[in-house]
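**Q** Sequence:
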Amino acid sequence: MIVLGAFATGLDVSVVNVGLADIGADLGAPLSQTQWVATAYLLALALSLPVAGWLARRHGTGVIWLNALAAFTVASALCALAPGIGLLIAARVLQGLAGGVLIPAGQTILGQAVGPERLGRVMGALGIVVGAAPALGPFVGGLILTGLSWHWLFVINLPIGVVGVVLGRRMIPHGVATPAVRLHRSGVILATAGLPLVMFGMTQWGDAGKLTPTVGAALAAGVVILVAFVVVSRRAENPLMDLSLYGVRGFRVGSVAALFSGALVFGSGLVFTLYFQLARDLDALATGLNLLGAALATAVCAPFTGRWIDRYGPGPVALAGGFLAMVGSGALTVLPTTAPLVVVQPLLVVFGAAVSLTAMPAGVAAYKAVRTDQLPDGVTQVNVLQRVGGSFGGAIFAVLIATRVADPQNAFQVAFGALLVVSGCAAVAGWYLMRATATRRADP
Numbered sequence: 000m001i002v003l004g005a006f007a008t009g010l011d012v013s014v015v016n017v018g019l020a021d022i023g024a025d026l027g028a029p030l031s032q033t034q035w036v037a038t039a040y041l042l043a044l045a046l047s048l049p050v051a052g053w054l055a056r057r058h059g060t061g062v063i064w065l066n067a068l069a070a071f072t073v074a075s076a077l078c079a080l081a082p083g084i085g086l087l088i089a090a091r092v093l094q095g096l097a098g099g100v101l102i103p104a105g106q107t108i109l110g111q112a113v114g115p116e117r118l119g120r121v122m123g124a125l126g127i128v129v130g131a132a133p134a135l136g137p138f139v140g141g142l143i144l145t146g147l148s149w150h151w152l153f154v155i156n157l158p159i160g161v162v163g164v165v166l167g168r169r170m171i172p173h174g175v176a177t178p179a180v181r182l183h184r185s186g187v188i189l190a191t192a193g194l195p196l197v198m199f200g201m202t203q204w205g206d207a208g209k210l211t212p213t214v215g216a217a218l219a220a221g222v223v224i225l226v227a228f229v230v231v232s233r234r235a236e237n238p239l240m241d242l243s244l245y246g247v248r249g250f251r252v253g254s255v256a257a258l259f260s261g262a263l264v265f266g267s268g269l270v271f272t273l274y275f276q277l278a279r280d281l282d283a284l285a286t287g288l289n290l291l292g293a294a295l296a297t298a299v300c301a302p303f304t305g306r307w308i309d310r311y312g313p314g315p316v317a318l319a320g321g322f323l324a325m326v327g328s329g330a331l332t333v334l335p336t337t338a339p340l341v342v343v344q345p346l347l348v349v350f351g352a353a354v355s356l357t358a359m360p361a362g363v364a365a366y367k368a369v370r371t372d373q374l375p376d377g378v379t380q381v382n383v384l385q386r387v388g389g390s391f392g393g394a395i396f397a398v399l400i401a402t403r404v405a406d407p408q409n410a411f412q413v414a415f416g417a418l419l420v421v422s423g424c425a426a427v428a429g430w431y432l433m434r435a436t437a438t439r440r441a442d443p
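Residue numbers (numbering that gives the first Met the number 0): 0 to 443.
FYI, nobody ran anything at the bench for these hints, they're computed from the structure. Keep in mind that the hints are not guaranteed to be accurate.
Have a look at the derived ranges for each label pair, beta carbon to beta carbon [what the hints assert, rightly or not]: (1) V165 with T337: 29 to 37 Å; (2) R181 with L147: 46 to 54 Å; (3) A401 with G146: 30 to 38 Å; (4) R310 with G83: 47 to 55 Å; (5) E236 with S148: 47 to 55 Å; (6) G85 with D282: 27 to 35 Å; (7) H173 with A216: 39 to 47 Å; (8) G83 with W151: 16 to 24 Å; (9) T337 with A220: 40 to 48 Å; (10) D280 with L182: 19 to 27 Å; (11) L147 with R370: 42 to 50 Å; (12) G146 with D280: 21 to 29 Å; (13) M170 with R370: 24 to 32 Å; (14) M170 with T336: 47 to 55 Å.
If you're wondering where the values come from, they're calculated on a predicted model, not measured in any experiment. Just so you know, even glycine gets a beta-carbon here, dropped at the ideal spot from N, CA and C.
Work out the full structure, taking the sequences as your base and the hints as a guide.
**A** In structure tokens, the structure reads:
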């Protein structure tokens, strides 16, 4: 059941982007408005994500997961029925609010159910859909739009959501509720203001291709507010997020690795999509078809990655993934944009495998380092860092390409070169992760 929720939210991130042009044409909305169909979802997700841990502690993780999936399904129906751009954006906000809670709640349920010994294997099963769903989005979206209207981009969520809710009510434990847990209001205000501002600034930075005054102001304000959130949380008796977890070395290093893996996963998805559309001049469906190899590689490697994490530890697996990503991105850096696709595709498959090997160990290492009752907080914070890393990586890559778009060869050489640097950072994070987890295993 957890897999169904993860698949729906993962697919929704990328499938809708393919239909923005059709949505604008049908609803008579300019690009400046239709882009908010995508942006509003991401900002709403950032708005609800910080409170996911508190909600799980307060009401029980299973209860929160079921309600979030139900809300996501209802919001999908509202999106499909929206008669105008304003109502569509409003429904996307509701979708994002539900999605921001659904993702960490599902991971927490799994982590609490299986314990640290089998966490890698279970996360590997979840990783099959988490890794493949965003990459499948462009293909699924393009396929739908070849014969159906944009409304069906949201209708596809309905059977997934309904089945998940019906079966989840029978199979998902409600979890332990702690009604006495009080909400840290000042923490909520600061976190739900600062994180969306940072995400908004990064998104607009990537769209504009430069650091405008509006973007700079949003980023600066967001950073200042988040610093205030850290200061206030450290002094609070019952903080919104337990930042003392960063005192645990395994959690701290795993969180940093999650930051880089987020930049690698979300950034590479953007770069590869733009590569096929701008440098290869392919439409949405053809782009999706060319990305299938990477998506399948991520999905196929996920269960093996989970087993290797349980057997060898997260560090060696993450280090291998970072190195493999360096091999794939390094080779793409030196290839001309006219290179045969039969040469490009194997490199994308290599990179897809690297994504699985890099992203999963970071979260597993962080989750293993904390107690079971601390998992709601730990999962929430790792997800926040992955989203921030993804937004930052996406913005950087978008700017690098946008400022050089007149020369696709140069634009994508620079973009793939930047991807190589991020892959190297992920490899270094994997090395530190290996040291941290080895030290923890050696401790009595």
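**Q** Taking 21 to 29 Å as the stated bounds, is the beta-carbon spacing between G146 and D280 within them?
**A** Holds - the Cβ-Cβ distance for G146 and D280, about 23 Å, lies within 21 to 29 Å.
**Q** Does the Cβ pair A401, G146 satisfy 30 to 38 Å?
**A** holds (32 Å)
**Q** Please test the hint of 46 to 54 Å on the beta carbon pair from R181 and L147.
**A** holds (48 Å)
**Q** Kindly confirm whether 29 to 37 Å is satisfied by the beta carbon distance between V165 and T337.
**A** Check failed, 51 Å falls outside 29 to 37 Å.
**Q** Is 47 to 55 Å respected by the C-beta to C-beta distance linking R310 and G83?
**A** 54 Å Cβ-Cβ, so the 47 to 55 Å window holds.
**Q** Is the gap between the beta carbons of G83 and W151 within 16 to 24 Å?
**A** Holds, since G83 and W151 (Cβ atoms, about 18 Å apart) stay within the stated range.
**Q** For G85 and D282, compare the CB-CB distance with the range 27 to 35 Å and indicate the outcome.
**A** holds (29 Å)
**Q** Do the Cβ positions of T337 and A220 conform to the proposed distance bound of 40 to 48 Å?
**A** holds (44 Å)
**Q** If I claimed the Cβ atoms of E236 and S148 lie 47 to 55 Å apart, would that claim hold in this structure?
**A** Once the Cβ atoms are compared, 53 Å apart, the range 47 to 55 Å for S148 and E236 holds.
**Q** So the hint says 47 to 55 Å: do the beta-carbon atoms of M170 and T336 match that?
**A** The hinted range 47 to 55 Å holds for M170 and T336, with Cβ atoms some 49 Å apart.
**Q** Does the Cβ-Cβ separation between L147 and R370 fall within 42 to 50 Å?
**A** holds (48 Å)
**Q** Could you say whether the range 19 to 27 Å given as a hint is met by the Cβ separation of D280 and L182?
**A** violated (52 Å)
In this structure, the hints that do not hold are numbers 1 and 10, in rising order.
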